[in-house]
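Novice: Residues per chain are reported as follows:
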Amino acid sequence: KNQVEQSPQSLIILEGKNCTLQCNYTVSPFSNLRWYKQDTGRGPVSLTIMTFSENTKSNGRYTATLDADTKQSSLHITASQLSDSASYICVVERGGADGLTFGKGTHLIIQP
Amino acid sequence: DAGITQSPRHKVTETGTPVTLRCHQTENHRYMYWYRQDPGHGLRLIHYSYGVKDTDKGEVSDGYSVSRSKTEDFLLTLESATSSQTSVYFCAISESMRAGRTEAFFGQGTRLTVV
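So the protein lines, in turn, are chains A and B. Mapping to this note's numbering: the first sequence position 19 is 19, numbers consecutive. For this note's numbering, add 1000 to where a residue sits in the second sequence, where the first one is 1.
Rather than coming from a laboratory, the hints here were simulated on the basis of the structure. Keep in mind that a hint or two might mislead.
The calculated BS3-like cross-link candidates involving lysine-lysine, where the alpha carbons are at most 25 angstroms apart (straight line), are [stated by the list, open to error]:
1. K1011/B to K1057/B
2. K71/A to K1/A
3. K1070/B to K1053/B
4. K104/A to K1057/B
5. K1/A to K1057/B
To give an idea of the interface, some chain B residues facing chain A are shown, with a C-beta separation under 8 angstroms as derived from the structure [said to hold, decoys possible]:
6. G1040
7. H1041
8. G1042
9. L1043
10. F1090
11. E1103
12. F1106
13. G1107
14. G1109
15. T1113
Glycine is no exception: its CB is placed at the ideal position from the N, C-alpha and C atoms.
Given these sequences and hints, build the entire structure.
Specialist: Written as structure tokens, this is what we have:
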């Protein structure tokens, strides 16, 4: 069964600290892996997309890594800001119009 | 937001009534999708469209129908709403299905409550 598992479910850190979110997947065949940020009451917004051959991708203070052999990905947030408070969703595509499998997300809270 | 408008943004309806949600895009993207988001679940695909009058079912299509008569509009209809359809509904669009580079853009969501 195609699944995307994220950990932790929720995380609270202090402003300015770094954190790492995890994603494990069993989706096959693999096309790409995406990380989305979803603010409360808003739709998801793309942070990064990585294909099989890419093992790291950065977008400002966000850095995603991908290990296609172990089927694991991580999202590292550096020097967190209050605006980073959101849910972060890992999504794996296997190709095809209906090919996106979504994780349940990690709910991140940044405290001042 | 990538030129996607969902309407209404909030709706409360009674069990058994029909409900239609609208997604309008100004990007001229070929693909449009309807997802639902519920606590304890990732986003789940309801229906999608790959062109005018071309639609297909997703993972959780029971109780829903869709129509796409114009490139820019994708309608989701609940023929007879049930409490299990209380959810937040998201529309998404994408330009192509080229593997590895298909960016999907999401609307703001519609919060539907069935009482």
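Novice: Work down the list of hints and note, for each, if the structure agrees.
Specialist: Evaluated hints:
1. K1011/B to K1057/B: holds (24 angstroms)
2. K71/A to K1/A: Satisfied, since the Cα-Cα distance of roughly 14 angstroms is no more than 25 angstroms.
3. K1070/B to K1053/B: Distance of about 8 angstroms is within 25 angstroms: holds.
4. K104/A to K1057/B: holds (22 angstroms)
5. K1/A to K1057/B: holds (18 angstroms)
6. G1040: G1040/B check passes; min Cβ-Cβ to chain A is 7 angstroms, inside 8 angstroms.
7. H1041: At 6 angstroms from the nearest chain A Cβ, H1041/B passes the 8 angstroms test, so the hint holds.
8. G1042: OK, holds: G1042/B within 8 angstroms of chain A, min 3 angstroms.
9. L1043: holds (4 angstroms)
10. F1090: Holds. Min distance 5 angstroms.
11. E1103: This hint holds: E1103/B lies near chain A, its Cβ roughly 6 angstroms from the closest one there, short of 8 angstroms.
12. F1106: holds (3 angstroms)
13. G1107: holds (5 angstroms)
14. G1109: holds (6 angstroms)
15. T1113: violated (15 angstroms)
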